[in-house]
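Based on these hints, arrange chain B on the given structure of chain A.
There are 2 protein chains.
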Amino acid sequence: MKKTTIVTIGSVLVIVPLFLLAISINGNKAEQKTITAAAHAAQTKGDIVPQIKKFESRSSEWGKYYQRQYDSYRQTRKSDKITDMLIDYPALVVMWAGYGFAKDYNAPRGHYYIVEDNINTLRTGGPVDAATGPMPTACWTCKSPDVPRLIDKIGELDYFTGKWARHGSEIANPVGCADCHDNETMRLTITRDFLKRGLDAEGSLKAKDATHQDLRSLVCAQCHSEYYFKKTKWTDKNGKEQTAGVVTFPWDNGFSAEAMEKYYDDRSFKDWTHKVSKTPMLKAQHPGYEMYKTGVHGLNNVACADCHMPYVREGGVKYSSHNVGSPLDHMANTCLNCHSEEEKAFKDRVARKLERKTELNKTAMDVIAKAHLEAGKAWELGATEAEMKDILQDIRHAQWRWDYSIASHGSFFHAPEETLRILGSSINIGQEARVKLRAVLAKYNAGDFAAPDFSTKEKAQAVVGLPYQKLVDEKMAFLNGLRKEWIEQQKAKGLYDPKAWEDMKFNTSYAPAETK
Amino acid sequence: MKKTTIVTIGSVLVIVPLFLLAISINGNKAEQKTITAAAHAAQTKGDIVPQIKKFESRSSEWGKYYQRQYDSYRQTRKSDKITDMLIDYPALVVMWAGYGFAKDYNAPRGHYYIVEDNINTLRTGGPVDAATGPMPTACWTCKSPDVPRLIDKIGELDYFTGKWARHGSEIANPVGCADCHDNETMRLTITRDFLKRGLDAEGSLKAKDATHQDLRSLVCAQCHSEYYFKKTKWTDKNGKEQTAGVVTFPWDNGFSAEAMEKYYDDRSFKDWTHKVSKTPMLKAQHPGYEMYKTGVHGLNNVACADCHMPYVREGGVKYSSHNVGSPLDHMANTCLNCHSEEEKAFKDRVARKLERKTELNKTAMDVIAKAHLEAGKAWELGATEAEMKDILQDIRHAQWRWDYSIASHGSFFHAPEETLRILGSSINIGQEARVKLRAVLAKYNAGDFAAPDFSTKEKAQAVVGLPYQKLVDEKMAFLNGLRKEWIEQQKAKGLYDPKAWEDMKFNTSYAPAETK
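In the order they appear, the protein sequences are chains A and B. Per this note's numbering: the first sequence = residues 1 to 516. Per this note's numbering: the second sequence = residues 1 to 516.
Isolated chain A, as found in the complex (with noise of 0.2 Å):
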């Protein structure tokens, strides 16, 4: 055969079976349907229109038009697990004195738990109508879409300004479809304004610019980020000054540790007193989203949603999951996606990010721990304001870098480069507080002090003096009397979905046991 005639028969032999398969993948395409955030317009093509109202806090009735990512999102239900991390680091105890978390800290459940957490949590305190209980309004404001809705009705300021027990009644459902989506046309939508003011005050990416990719990560760093109360004046409709105090994040000066410390610094704000230390405080809370804009995933632009919220596929039927979790429960459908690596292979190494970050995390804490004590019984001996001041500084920057760095879930994961690199900072920064306090200590003639044994969670309360039975025993005062009218008053405004409460067990650390 000559040559043309050999490409030719070959040419057919290849050609026709490729031809044969784009057929076939074209006839799969018209049955399939790819579920994204641009849902809407397919669905309305249908029979269905959506109906759902502005500012719908219910997410079943989100569920009625966007059946399968509903049925993901409540499959964070399954996520139920209480770990008391005062039980696994007692030495948290310490650190806390004084502040909330001292009294309660789980380890966090699914989205599904979060206002049920929030309620119950020993933090939140026993309130016995809405100007009592230790906590402000703002600790509402990530758990649920009704703050959103609240805030529409009654302004920022406004929703800001109180106690926690104060919105009680309105806050129905736990973070839901309404926290990240606008309900005519589905798009993802910045919810909570405080991110749009802290991103524009960081200014590496306005707001207004945030494209699709980008808000497939703020969303979530809508909450998943460090914040503080801004103390904020304001006049009511009735003429008289109240305080708000709004939810802020601290981005002026920048993302990192450094840039936050010095942010607070520069406003001398402390979060509280710690009470055995006497140290003006900062309690970092999950700055995830800062963690990993470090990361190779955030400087590579992948999205929270690319690995949290991966496409799955149902039959012919591609969505986005709404079962937010860890991405190694599902390797597959994540990591595997860009990675080409055996699992096992893979998890090893990912349990081996996490030990190194569990190591200098346990010494900071150790560190820090000890230093409040040292401190402590520095007071205690007569020490001066003047030979305590740079200890103090000392224990205060510490300890906020120390918790930068771990309180961001998975930061160990998402930046461990900067995890460890701020634990180094903060391990060495609570050392240089501890070397001048035992000048201090030997001054007043106990320079061989040893601190008091802090190795349970009991003991550890008991060295910082807590009265734990007194906050238990307020907290189901509360669940058993305010708790129960809020309900009801949710029920006759129409808030309460009973879909979001089907599985809730009540589950904590500190019930006995025959109440749970």
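Source of the hints: derived by calculation from the structure; they are not laboratory data. Hints may be right or wrong, so weigh each one.
For chains that are exact copies, the list does not tell them apart, and a pair is met inside one copy or across any two.
DSS-like mimics (lysine-lysine), calculated; alpha carbons at most 25 Å apart, straight line [stated by the list, open to error]:
hint, residue 1, residue 2
1, K206, K344
2, K54, K78
3, K262, K353
4, K206, K275
5, K389, K443
6, K240, K78
7, K233, K262
8, K206, K362
9, K153, K208
Just chain B now, kept in the frame of chain A:
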């Protein structure tokens, strides 16, 4: 037209250019020589049959047959900058007080300079004959292909016996071809038995099981690994008992900083006793291979040579560059082979890795240097062995870990997480020593002792009492005396390779300007 007709015409339009392209590629291939580690076979098919003696230490002899590799190897002479690390980091002088590195320590230059720099450094002193000078023979071991030649000639234990100056007339050539290649097959080969023994003791990769890809890292690991000089008794041919200092890799418990620390502790081994703090010290010696194994490149079996000796093209010829240096200097042939990134963005990320390491590195150096000086003060005031025991153990461990994490070249890149973890641990242990020291100092009425200023190389060398000018004078006398004799002897023995010294200029951190 019918569908089948369209397909046939279309297929010809696609297939014919593909066919022509295939012919063109085949044509190129015929012209192209791929010179790899198996190049020997290809070479011998030509006119030239390589005639390279076993243990030929003169690389120019190999270069007669492997000209491109040799030319690229000689490019390492362009990495000729002298960077005095003791000027950049004066704390090093304090940390190494009583040890050679406090005298003189420059950042390494290219392989071309490795023997010259070993001869010029103040660390190797100013011997006046074969039996004088501060260093043992082992200090040549990683510098020259004359070492395996000499070991073959006189035996390993004899080689490792005596003073450094003993082998001066034998070590004539810098690291070169014979360090890594078999003279007959050109295959990669381990020429240092201590690596084989180390691998077998560690156990995860037995030396006999090493693949070609493994060897592309292991030939480097012969030198870029942690080692110590193990005292080994033997009897010479005259029946006289001798003690060799055999280069030994402390890998029995594993590659990690902690595993080797335990190895040394279990043997009560020390490299020297610190002049100021009296601590039994360890000097980490570039554990580059060990660190690399913990990083993402090592875990993915990317070999040293993949990045440091990339394949390059010259005309139609492709070969492995032997200009070992930073992959960032020619990213198109290295990083960008695997990573699809903008070169600028990539370099920025690497720079950030270096910044993180530098931050914790500086902190650790400051902490440890102060601990030494504070311990020195405590001894001076009369502290007892019992009071100091734990403190010295902390200082030993802190400095070992610091040194392990930064002594290996490029650890900040090869294993950034492991580097930062170990630095964090080093800082913590160093500060623990300082907390304890503060109590001891206070006991001797020096609770407010401040370490003397060590902020410049000169100040630091004065603090630790280093007779700098005397060391320089001795070195210059050696260079103008014994060293010149060595060169004449090397020439007489046929070891001297003029090409290996062609562009050599005397260049050190200490020489007076007029001699440079």
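Quick rundown of the hints versus the structure:
| no. | hint | in the structure |
| --- | --- | --- |
| 1 | K206 <-> K344 | between (40 Å within a copy, 23 Å between copies) |
| 2 | K54 <-> K78 | neither (29 Å within a copy, 68 Å between copies) |
| 3 | K262 <-> K353 | between (29 Å within a copy, 23 Å between copies) |
| 4 | K206 <-> K275 | neither (40 Å within a copy, 57 Å between copies) |
| 5 | K389 <-> K443 | both (16 Å within a copy, 24 Å between copies) |
| 6 | K240 <-> K78 | neither (47 Å within a copy, 76 Å between copies) |
| 7 | K233 <-> K262 | within (24 Å within a copy, 61 Å between copies) |
| 8 | K206 <-> K362 | neither (37 Å within a copy, 36 Å between copies) |
| 9 | K153 <-> K208 | within (24 Å within a copy, 76 Å between copies) |
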